[in-house]
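Work the whole structure out from these sequences, hints included.
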Amino acid sequence: MTFEKERQVLVIFPHPDDEAFGVSGTIASHVNNGTPVTYACLTLGEMGRNLGNPPFATRESLPKIRMQELRDAAAALGIQDLRMLGLRDKTIEFEDDEKLADLMYSLIQEINPSLVISFYPGYSVHPDHEATGRAVVSAVGRIPKNVRPKLHCVAFSNNCVDELGEADIRYNVQSVEKQKVAAIMAHRSQTQYMVAAWGDKLETQDPELLAWIHNERFWTYQWPDEKKA
Amino acid sequence: MEPILQADAQAVIDSFANEDVYLHLETTNGAYATHFDESFFSVGAYIRNAFLQYELGKIVGTGPFRVGLKLSIGWVYAEGLTHYEVDEKGRLLMAGLDPAGKLAVALQISKTPFE
Ligand SMILES: [Zn+2]
Chain A
1 MTFEKERQVL VIFPHPDDEA FGVSGTIASH VNNGTPVTYA CLTLGEMGRN
51 LGNPPFATRE SLPKIRMQEL RDAAAALGIQ DLRMLGLRDK TIEFEDDEKL
101 ADLMYSLIQE INPSLVISFY PGYSVHPDHE ATGRAVVSAV GRIPKNVRPK
151 LHCVAFSNNC VDELGEADIR YNVQSVEKQK VAAIMAHRSQ TQYMVAAWGD
201 KLETQDPELL AWIHNERFWT YQWPDEKKA
Chain B
1 MEPILQADAQ AVIDSFANED VYLHLETTNG AYATHFDESF FSVGAYIRNA
51 FLQYELGKIV GTGPFRVGLK LSIGWVYAEG LTHYEVDEKG RLLMAGLDPA
101 GKLAVALQIS KTPFE
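Going line by line, the protein sequences match chains A and B. Position one of the first sequence corresponds to residue 1 (the UniProt record's numbering), numbered consecutively onward. Position one of the second sequence corresponds to residue 1 (the UniProt record's numbering), numbered consecutively onward.
In case anyone wonders, no lab produced these hints; they're calculated from the structure. Don't take every hint at face value.
Listed next, the in silico SDA-like pairs over lysine to any residue satisfying Cα-Cα at most 25 Å (straight line) [to be verified]: (1) B:Lys58 / B:Phe41; (2) A:Lys64 / B:Ala17; (3) B:Lys102 / A:Gly52; (4) A:Lys99 / A:Leu82; (5) A:Lys64 / B:Ala31; (6) A:Lys64 / B:Ala45; (7) A:Lys99 / B:Tyr46; (8) B:Lys102 / A:Glu130; (9) B:Lys102 / A:Arg88; (10) A:Lys64 / B:Lys102; (11) A:Lys5 / A:Ile143; (12) A:Lys5 / A:Ile111; (13) B:Lys111 / B:Ala11; (14) B:Lys89 / A:Asn53; (15) B:Lys102 / A:Ile169; (16) B:Lys102 / A:Ile111; (17) B:Lys111 / B:Ala31; (18) B:Lys111 / A:Arg88; (19) A:Lys150 / A:Asp102; (20) A:Lys99 / B:Arg48.
Laid out in structure tokens, this is it:
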């Protein structure tokens with residue numbers, strides 16, 4: 001699929017590293033296209049479980065480590081506008097839904113994006129992903145249809161293809177592979193074991209790993225009043 | 001954090017007894033457990049900045065360790081603790097890390113609120 005040039009992109013995810021796996025190639029491509037990208041990250045992943053054994057972090061030092069990793073990943077992707085919204089990992093669904101949607105709405109009003117990227121509610125597994133996706137959908141839904149930004153969603157629940165059909169947006173991000181790998185590696189506390197498990201598969205161009213890195217997919221959010229019959 | 005030295009940890013636990021302390025207690029098997037294995041029964045519990053006093057605190061076992069705090073009208077306990085440190089703020093941070101380095105349980109005691 002060819003890359004559509006956007007005026008302004010707004011990426012909204014709850015955890016540092018949510019942007020890395022399935023979206024960072026798309027982000028880097030937009031940035032390289034000259035499109036400003038804002039990444040709003042709701043939490044610092046304070047509840048991450050990887051502390052290492054022997055440990056490299058404590059429950060209390062992990063947020064500071066992940067904040068730096070997030071900055072490093074954003075730098076690798078060329079993101080100029082990184083927002084940390086100061087919520088707490090694993091508590092998003094317990095926030096007041098209306099206030100959370102207000103927060104997303106004011107962010108969207110300020111940034112005025114032509115494209116919003118977030119999680120697809122119902123199909124994004126982690127409760128924080130779900131709550132973030134719900135708030136984003138609710139905020140974007142407040143905007144009149146004719147001026148609404150596009151909403152592209154990440155989904156990866158086991159039932160997502162069965163229920164949503166195949167993703168309608170598919171990009172090959174091979175041209176920004178190095179930036180994507182750098183973003184993944186920037187989240188060291190989360191990805192060091194995964195990267196170690198790659199071994200030499202990157203150098204030897206393992207087809208399975210490259211396919212995983214090169215292919216990014218999104219579902220255009222289906223508004224209830226626009227569902228295909 | 002380092003592997004728990006029981007006598008040393010006991011001395012730190014004793015030093016917080018009968019004082020106002022803030023407590024962090026957490027147990028988790030991860031938010032993705034059920035995604036990877038749909039038959040997995042996922043549980044977790046979390047409390048941050050519980051404000052309390054304990055009259056007696058004990059660390060027992062041969063490692064992983066169990067820690068119990070006896071309150072005037074109740075109890076706090078955690079099991080599976082493997083690592084600890086007293087951090088730069090004087091807080092006792094204890095965690096149970098599985099062999100892959102994933103946190104499974106945490107019990108932390110501080111004289112100031114956790115941020
Ligand atoms: Zn996440």
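A quick look at each hint next to the structure:
1. B:Lys58 / B:Phe41: violated (30 Å)
2. A:Lys64 / B:Ala17: Violated, because 30 Å separates the two Cα atoms, which is more than 25 Å.
3. B:Lys102 / A:Gly52: Roughly 6 Å between the alpha carbons, so the hint for Lys102 (chain B) and Gly52 (chain A) holds.
4. A:Lys99 / A:Leu82: Given pair Lys99 (chain A), Leu82 (chain A) holds - Cα atoms ~21 Å apart, limit 25 Å.
5. A:Lys64 / B:Ala31: holds (21 Å)
6. A:Lys64 / B:Ala45: The hint holds at about 23 Å.
7. A:Lys99 / B:Tyr46: Holds: Lys99 (chain A) and Tyr46 (chain B) sit about 23 Å apart, inside 25 Å.
8. B:Lys102 / A:Glu130: The hint holds at about 23 Å.
9. B:Lys102 / A:Arg88: With a Cα-Cα distance of about 19 Å, the restraint between Lys102 (chain B) and Arg88 (chain A) holds, given a limit of 25 Å.
10. A:Lys64 / B:Lys102: Since the Cα atoms of Lys64 (chain A) and Lys102 (chain B) sit roughly 18 Å apart, the hinted pair holds (cutoff 25 Å).
11. A:Lys5 / A:Ile143: holds (22 Å)
12. A:Lys5 / A:Ile111: holds (17 Å)
13. B:Lys111 / B:Ala11: holds (16 Å)
14. B:Lys89 / A:Asn53: With a Cα-Cα distance of about 23 Å, the restraint between Lys89 (chain B) and Asn53 (chain A) holds, given a limit of 25 Å.
15. B:Lys102 / A:Ile169: Answer violated: Lys102 (chain B) to Ile169 (chain A) is near 35 Å, above 25 Å.
16. B:Lys102 / A:Ile111: Roughly 37 Å between the alpha carbons, so the hint for Lys102 (chain B) and Ile111 (chain A) is violated.
17. B:Lys111 / B:Ala31: Roughly 30 Å between the alpha carbons, so the hint for Lys111 (chain B) and Ala31 (chain B) is violated.
18. B:Lys111 / A:Arg88: holds (22 Å)
19. A:Lys150 / A:Asp102: holds (19 Å)
20. A:Lys99 / B:Arg48: With a Cα-Cα distance of about 23 Å, the restraint between Lys99 (chain A) and Arg48 (chain B) holds, given a limit of 25 Å.
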